[in-house]
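A.B. asks: Sequence:
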Amino acid sequence: MKEEVYGVAMLGGRSWESWIAEYSESHQHPLNRLTHTFGIPIIIVSLPLLLATIVWHRLLWIGVGLFCFGWLLQFVGHAIEGKPPEFLKDWRFLLVGSRWWAAKMRGKA
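Those letters in the sequence shown? Residues 1 to 109, by full-length UniProt numbering.
Warning: the hint list may mix true and false statements.
[What the hints assert, rightly or not] Simulated crosslink set (DSSO-like; lysine-lysine; CA at most 27 Å straight-line): (1) Lys108 to Lys83; (2) Lys104 to Lys83; (3) Lys104 to Lys89; (4) Lys108 to Lys89.
By construction, these hints were calculated from the structure, which means they are not laboratory data.
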């Protein structure tokens, strides 16, 4: 119950579907969608690699490179779309991107 209340509060009383629909609205250009299709999972993969550098220092530059390349793809896509990234208006869109990607992979976004 407590998690449910927190989740609703964090989402601003909106459903994930509502967030994903708004996210999709600013990702209409096929090239922007393509850059996000690759950029989002690259960023996601980079995060545990960066965390692993605490123990395995040699992973640092791989993690940093993937993180930067993933974000470069995101910003190139938004330059093509001609719209700023959604997270500039609400930080929660940083979390919505991965949900959008998962929905897109299932053919629902």
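A.B. asks: Hints first: check each against the structure and report whether it holds.
C.D. replies: Hints and how they fare:
1. Lys108 to Lys83: Satisfied, since the Cα-Cα distance of roughly 22 Å is no more than 27 Å.
2. Lys104 to Lys83: Judged against 27 Å, a Cα distance of about 20 Å means the pair holds.
3. Lys104 to Lys89: The hint holds at about 22 Å.
4. Lys108 to Lys89: holds (24 Å)
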